[in-house]
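Given the coordinates of chain E, work out where chain W should sit on it, guided by the hints.
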Amino acid sequence: MIKILYFASVRERLNKSEETMELPADINTVAQLVALLAAKNPEFRQLNEGGQPLLVSVNQTVADGSASLAANDEVAFFPPMTGG
Amino acid sequence: MITVQQADFDLAAEYKGLREDAGDAGAIVTFTGLVREFYMPDADGALTGGSTQTLYLEHYPGMTEKSLQDIVAQAESRWPLLGTRIIHRIGKLHPGDQIVMVATASSHRHAAFEAAEFIMDYLKSHAPFWKKQSSATSSDWISSRSSDSEALKRWQD
Chain E
3 MIKILYFASV
13 RERLNKSEET
23 MELPADINTV
33 AQLVALLAAK
43 NPEFRQLNEG
53 GQPLLVSVNQ
63 TVADGSASLA
73 ANDEVAFFPP
83 MTGG
Chain W
60 MITVQQADFD
70 LAAEYKGLRE
80 DAGDAGAIVT
90 FTGLVREFYM
100 PDADGALTGG
110 STQTLYLEHY
120 PGMTEKSLQD
130 IVAQAESRWP
140 LLGTRIIHRI
150 GKLHPGDQIV
160 MVATASSHRH
170 AAFEAAEFIM
180 DYLKSHAPFW
190 KKQSSATSSD
200 WISSRSSDSE
210 ALKRWQD
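These protein sequence lines are chains E and W, in that order.
Numbers in the working numbering are just positions in the first sequence, counted from 1, shifted up by 2.
Numbers in the working numbering are just positions in the second sequence, counted from 1, shifted up by 59.
The shape of chain W in the complex, shown without the other chains:
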């Protein structure tokens, strides 16, 4: 199940739902991504962080769901999965907020661990989400990291 929503999510409820759907699963892996506090230079060049910061998540409705479905289908073709859940939040978030959840169920742990990592690695650079960080004094779109595209090489051999 794939959900893109503004609202927060309840990890325990999602886990319970997946556990019920996945039948005779022997392993469920859940990954939760959180918004970190970030540090931006202010007018004096000093790095400032703090509770006034926001992270704004924009996405491409339609293509987002389509690309996440495609990523899940690729994971299902590589590992014997009994169920998956993806939730990605959009809109305005703050440091400490939950931003993304990926959960995978399988008969054995290796498949569940690897599939969760595969889905997250692809989600980072293949699902149309964009982050903009803002502090009291400045605002910037976050650049993509080369480490995120490097992470995909592991799955491409």
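In isolation and in its complexed conformation, chain E is listed as follows:
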């Protein structure tokens, strides 16, 4: 199982803060997971097509589409950070 977290405007758009899913055998990278989530959920697809970049982290480190995924990973999606 992987855990997927959503924060800030992404959380509000999807109306959920987290979900877990069994990582399908053919999903090995972040880009593949994004494509899968977009195919399953039109709201997620719109996030990805929107003007604002969608950031992703794997195990609490910012990652890009080529990052590999494994069972028990924690993946998060969020907008650019605005702290301070």
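Incorrect hints may appear among the rest.
[Unchecked claim] The list that follows gives simulated cross-link-like pairs (lysine to aspartate or glutamate, EDC-like), each with its CA atoms no further than 20 Å apart: (1) E:K5 x E:E45; (2) E:K18 x E:D28; (3) W:K125 x E:D66; (4) W:K212 x W:E173; (5) E:K5 x E:E24; (6) E:K18 x E:E45; (7) E:K18 x W:E96; (8) E:K18 x E:E76; (9) E:K18 x W:E173; (10) E:K18 x E:D75; (11) E:K5 x E:E21; (12) W:K125 x E:E24; (13) W:K125 x W:D180; (14) W:K191 x W:E96; (15) W:K212 x W:D156; (16) W:K151 x E:D75; (17) E:K42 x E:E24; (18) W:K125 x E:E45; (19) W:K191 x W:D156; (20) W:K212 x W:E96; (21) W:K191 x E:E76.
FYI, nobody ran anything at the bench for these hints, they're computed from the structure.
For clarity, every value in this text was computed on a predicted model and none was experimentally measured.
Quick look at chain W alone, frame taken from chain E:
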């Protein structure tokens, strides 16, 4: 020391703690960020501000602390620091509230000044905090500023 908390903080107490920890420091720099009053268009397009405004701070528990530790480690590798303190508040804040504190101690002032600025510049766009501003009539997530990512270029030469 890195702390993420809802409660306000006492700058004098934090300074005193860092001063005691930092031993023979010759310079301590403290930076405090405050919530500014913001102006949002109401239904008539007029800009309204005022005391009913709130700023809500969301973060990613775990990753926040990890990314701040990483930023501090980078600062320690660039400047001879004798101690650092970071406090970032979360939850609901109002104009005038303290939101963030960065304090750095070193033997000399240049290192302390530069390290404090470096930590703040990275904190703005590399630590997972998000701000949402709300007035009586509307509510919006704050967009990231290109000036914040521009600020990092100074440290990347």
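Hint check results:
With a C-alpha separation of about 19 Å, the suggested pair E:K5 and E:E45 falls inside the 20 Å cut-off, and the hint holds. For the given pair, E:K18 sits about 25 Å from E:D28 by alpha-carbon distance, which is inconsistent with the 20 Å threshold. Pair hint W:K125 plus E:D66 holds up; C-alpha atoms about 18 Å apart against a cutoff of 20 Å. Simply put, W:K212 and W:E173 have alpha-carbon atoms about 14 Å apart, close enough for the 20 Å limit, and the pair holds.
The suggested pairing of E:K5 with E:E24 holds, with an alpha-carbon distance near 9 Å, which does not exceed 20 Å. For the proposed pair E:K18 and E:E45, the alpha carbon gap of about 11 Å is at most 20 Å, so the pair holds. Note on E:K18 and W:E96: the hinted pairing is violated, with a Cα-Cα distance of about 30 Å set against a maximum of 20 Å. This hinted pair checks out: E:K18 and E:E76 have alpha carbons roughly 16 Å apart, not beyond 20 Å.
Distance hint between E:K18 and W:E173 is unfulfilled; the C-alpha atoms sit about 40 Å from each other, more than 20 Å. Proximity of E:K18 to E:D75 is assessed by CA-CA distance (about 19 Å); at most 20 Å being required, the pair is judged to hold. Between E:K5 and E:E21 the alpha-carbon distance is near 6 Å, which keeps this suggested pair within the 20 Å criterion. Restraint check for W:K125 and E:E24: the C-alpha separation of about 26 Å exceeds 20 Å, so the hint is violated.
Proximity of W:K125 to W:D180 is assessed by CA-CA distance (about 16 Å); at most 20 Å being required, the pair is judged to hold. For the proposed pair W:K191 and W:E96, the alpha carbon gap of about 13 Å is at most 20 Å, so the pair holds. Restraint check: the Cα-Cα separation between W:K212 and W:D156 comes to about 29 Å, which exceeds 20 Å; the hinted pair is violated. Between the alpha carbons of W:K151 and E:D75 the distance comes to roughly 31 Å, so the proposed pair goes past 20 Å and is violated.
Only pairs whose Cα atoms come within 20 Å are accepted, and E:K42 paired with E:E24 is accepted, the gap being roughly 14 Å. Simply put, W:K125 and E:E45 have alpha-carbon atoms about 30 Å apart, too far for the 20 Å limit, and the pair is violated. For the proposed pair W:K191 and W:D156, the alpha carbon gap of about 15 Å is at most 20 Å, so the pair holds. Annotation: proposed proximity of W:K212 to W:E96 is violated, straight-line Cα distance about 28 Å (limit 20 Å).
With a C-alpha separation of about 25 Å, the suggested pair W:K191 and E:E76 falls outside the 20 Å cut-off, and the hint is violated.
Going through the hint list in order, the structure does not satisfy hints 2, 7, 9, 12, 15, 16, 18, 20 and 21.
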